[in-house]
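Asks: Chain by chain, the residues run as shown.
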Amino acid sequence: MHPLDETPIVQDGKSIILAHDHGLEHGPTAFADVPERLDPERIFEMATHDAVTGFAVQKGLAETYYPSYADDVNLIAKLNGTSSLWMGEPYSPQTCSVEYALELGADAVGYTVYPGTNREPEMFEEFRSVQETAREHDLPVAMWSYPRGQALKEQRKPDVIAYATRIALELGADIAKVKYPRSGDAMADAVDAAGDVNVVLSGGSKTDDRAFLSLVETAMNAGVCGLAVGRNVWQRDEPERVLDALEAVVFDGATADEVLDG
Amino acid sequence: MHPLDETPIVQDGKSIILAHDHGLEHGPTAFADVPERLDPERIFEMATHDAVTGFAVQKGLAETYYPSYADDVNLIAKLNGTSSLWMGEPYSPQTCSVEYALELGADAVGYTVYPGTNREPEMFEEFRSVQETAREHDLPVAMWSYPRGQALKEQRKPDVIAYATRIALELGADIAKVKYPRSGDAMADAVDAAGDVNVVLSGGSKTDDRAFLSLVETAMNAGVCGLAVGRNVWQRDEPERVLDALEAVVFDGATADEVLDG
Amino acid sequence: MHPLDETPIVQDGKSIILAHDHGLEHGPTAFADVPERLDPERIFEMATHDAVTGFAVQKGLAETYYPSYADDVNLIAKLNGTSSLWMGEPYSPQTCSVEYALELGADAVGYTVYPGTNREPEMFEEFRSVQETAREHDLPVAMWSYPRGQALKEQRKPDVIAYATRIALELGADIAKVKYPRSGDAMADAVDAAGDVNVVLSGGSKTDDRAFLSLVETAMNAGVCGLAVGRNVWQRDEPERVLDALEAVVFDGATADEVLDG
Amino acid sequence: MHPLDETPIVQDGKSIILAHDHGLEHGPTAFADVPERLDPERIFEMATHDAVTGFAVQKGLAETYYPSYADDVNLIAKLNGTSSLWMGEPYSPQTCSVEYALELGADAVGYTVYPGTNREPEMFEEFRSVQETAREHDLPVAMWSYPRGQALKEQRKPDVIAYATRIALELGADIAKVKYPRSGDAMADAVDAAGDVNVVLSGGSKTDDRAFLSLVETAMNAGVCGLAVGRNVWQRDEPERVLDALEAVVFDGATADEVLDG
Amino acid sequence: MHPLDETPIVQDGKSIILAHDHGLEHGPTAFADVPERLDPERIFEMATHDAVTGFAVQKGLAETYYPSYADDVNLIAKLNGTSSLWMGEPYSPQTCSVEYALELGADAVGYTVYPGTNREPEMFEEFRSVQETAREHDLPVAMWSYPRGQALKEQRKPDVIAYATRIALELGADIAKVKYPRSGDAMADAVDAAGDVNVVLSGGSKTDDRAFLSLVETAMNAGVCGLAVGRNVWQRDEPERVLDALEAVVFDGATADEVLDG
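As you go down the protein sequences, you meet chains A, B, C, D and E in turn. Note that our numbering numbers the first sequence so that position 161 is 161, with each residue one more than the last. Note that our numbering numbers the second sequence so that position 107 is 107, with each residue one more than the last. Note that our numbering numbers the third sequence so that position 194 is 194, with each residue one more than the last. Note that our numbering numbers the fourth sequence so that position 101 is 101, with each residue one more than the last. Note that our numbering numbers the fifth sequence so that position 31 is 31, with each residue one more than the last.
Hints in this document: simulated from the structure, not taken from any laboratory. Be a bit skeptical, because a hint or two may be false.
When chains are identical, the list treats them as one kind, so a pair holds in a single copy or across two.
[Claimed, not checked] Result set (DSS-like, lysine-lysine): computed pairs, CA atoms no more than 30 Å apart in a straight line:
#1 Lys157 / Lys179
#2 Lys153 / Lys206
#3 Lys157 / Lys206
#4 Lys179 / Lys206
#5 Lys179 / Lys14
#6 Lys157 / Lys14
Values in this document were obtained by computation on a predicted structure and should not be read as measured data.
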């Protein structure tokens, strides 16, 4: 049976993953305009929204807050991460083991890989170990597949994003989280390159409602299974409204215009 | 149950941690003015003071002297450390395993992490292993969270200290020991960023009574749970007097003025 | 008993290995002219051709698609690989364990080694571990033996290719996959240097039918046991026709001319 | 119970450790004037002298010669070492495991650490592992504590030697072997800094009888527990005479003058 | 009991080790003048000569050919090696585990160490692990002890070769294979420095019969236990004749002149 067949993080073949690892990856300044959202409880509350099929956080947030939300939230334990204080060659060390993710009640695990960087080989090897351990426990594996490095002039070039999804397939991920390659056609190519890996669009930094929802609409039309979103939800004044809108676009096939003007 | 719910190192939600790892971190010259305090027994005696909820030392001191003080002192085994003779990139190697800390009778473990340095990834990975092993034994974990490195112009910048406490939360620490970010407001922001991690103020180098106790008072008002103190206790002529004063400020909510002038 | 005596990837002492790791090693741009071949199912279909004695893919393709083809395809799990986005010193990190290859139903494993590069020692050590684990399970081991590095002016020099096959013998491989050393005599020398290791010719980039089949014919006459082929099959308009032709040359001893003109 | 309470290498609180690792650390040229002393049997014979409480050698000498001397000599297995042919950054790799030392019948283990060097962190971590394994087997641990490195202008500076003994205490050694810090007062400070770790003076290169014994007398008066001696014994014409003299100074409190002139 | 007491690779206290790792260490070009000797079977045949007490090869040759020769040849599994294509700092990675050597039926193991090179520490640590595992199985250990590195102006200097044999003793080898230090006296010094380790002369590159046998005669007179020989046997037209001659010199005490002129 396919690892995604019975997971609650995919519903009707679709996923909306709320990601909240910004406290580690970006630091509290990412919350400058919405300081109350530094409180993980607020974001856990958002994750109880029906549209959210998975909530991706680091171990520390999961062990503290997840016990209160285990019935209403599907946990994706993000297993590696780094701070933005660090200026080294792109690399993301492991911050949580698969075994501990299981103890935390995780429904899936997430792992960042930076193909093209000096430490690509190390990250491939670490991903191998994580992936194989997850397989032993039938735990789906999402790869945050973000090519970087000297040889890459542009991280969002169509070829690069298609390569990113293909690497996820070749290395045994079930879900590939990638950036938008600038056009729907390029997104469709990246979906093709992924074989039957589920591709989810990485939400990126906050944009206005129409721009954001149009992007999601285009990506869905290109064949992605959904998106992973953080700042475009929790940096907004009304996060529930945007989750309602995403639900309509991702699960009900609505257009951005229908949602915003309807 | 939360790892801090039943630990003796937190009492009424407050902690005063006496730290005595200066023999390793700074060397005997730190004791130049109080040479008799090089004798670990003297400091163990201080740690029996009622105000002290935990005593943080390296393994060597614990195995030699703790057996005589196990009834009167709560041990925090400091699990990594380095000498000041060493001129390398900031890094703190592990000097004691969690398992051995348990054999020594530790009530909690402490681990230094330097976010922002070249070896941040290694330290995050080592912290992971320590934290997960400690969890298996219900041992609380304190992170000495000290951002450093090329990119940091100032180690005590408010943003940096808030990032330091947040890293402790994200990586699964129970207690975050951080430096003072220069104002009570910034301290409060760092406490907010920590979620429900207990923040303790790092005492730092010796200052006069009023400056020191006012700092503690301000930090307590900003929401910290207490402090970790070393040189401001054992470098003083009358360490018991300052412990009495700290007890009043931390546990009884006294002001520095009340304690010094009252 | 010799590890190759009973393996289905060698038949009548001959092998045609279809390799399809280009999605990882070269990226989707390798499929620019035949975009539908990015779909692994198409290539798995090709691998069901009678002439194909083994199909070499990365773990991700095997776990997703092999279950449907297990009766008709013999799986060679390629256990290491890297992306062409990566600009580092030649090296190929392990992406799949031998144990997991067994779970996937592999009939053999493949491992790339780059003798002559800065990381030759690491790759020899990793090959050792893979080889010994494979031996425990009677799994044949194919070495992709590709000398590179500063000291090598030409990777296809006769001496270099003979050294490549010898290294496969000395380190305990059962099959050595090497590039063509520019002449049949040199190929024969490389076969001699291999002892009783099975040498297979690496197909390389796509050439026209006659050039390709003549090369295979020459190599067979020089004593190789067959070839490993990828782009010369799946980049062609009619992959089955070239597989038919290869079958005739490799298994039936036909000449290129007979096959093409007959 | 303290690890030193029952060990034969400390007698009446005193130790004379004969060290014979010069074959590895200095090479055969150290024996140029006494070539017959290259024969380990000669030195094992010396180690049977009543004054010698422990004999420190590398594994190879222990496994070959110790079986014949097990009744008359207490073995200190030196667990790391390097050759003087090696020009790298000061570091001493492990040459014997604690477990194998036990099989050899060791009564204690010795480990060199170079605080202040680039590889201090590695050596602290390796010492941790050695120390904790030794504790499991109640085997006393002696640290050869030799600060070095770029930041150290003088290896024998009083502050440096006091730091050296303190590091031994903090990291959990039972015995600290250090160089002489140029005065009895500085030696006494180093003894103070060591807490209840036994400090032994490192004998150093060969000097004349009076200089050597006076140094030992001064160190004993400063509170050291004895000395570790190599070249000042086995490079002498009459090693037994100097061992007799050391016995008088270390165990019987004789002065150098009494011994030499008496 | 001494590891060499019952091993067949030492007979009457003497050893002639035929080494055939040149396929890996030097590559097929070493066989340019005798191409048929690339066939390992030819060399295995030579190893059946009565004079040969041990045959040293890499794992790949042993697993393929040794089963047919197990009754007539004593196997020394060479456990590390590197190619001459590699231009890095001298280092020899492990290519076979001790455990696998045992499965291959090895009577002893061989390991190369390069004292004085940048990676001396790593090689000492790896030798430790090999040596201790071999001890568990009573398998004799031969060290190919070859000092190299920046500090060594001449690899064959008498002091250097004596240091080489001493390192073998100190680290726990049973046999030390070293180069000839240019005179019989220096060879004798190296034998003295080795304690009771068996010293064998490394045969080196091919020379004429008289030069070669005279060298062996001189070395035997200096106290070595025999030699390890490769090219001086298998690069000759009549390898059996030179083996007959070596038998006479090593086992029967004949002089080179007696053998050649007699």
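Asks: Which hint numbers doesn't this structure obey?
Replies: none
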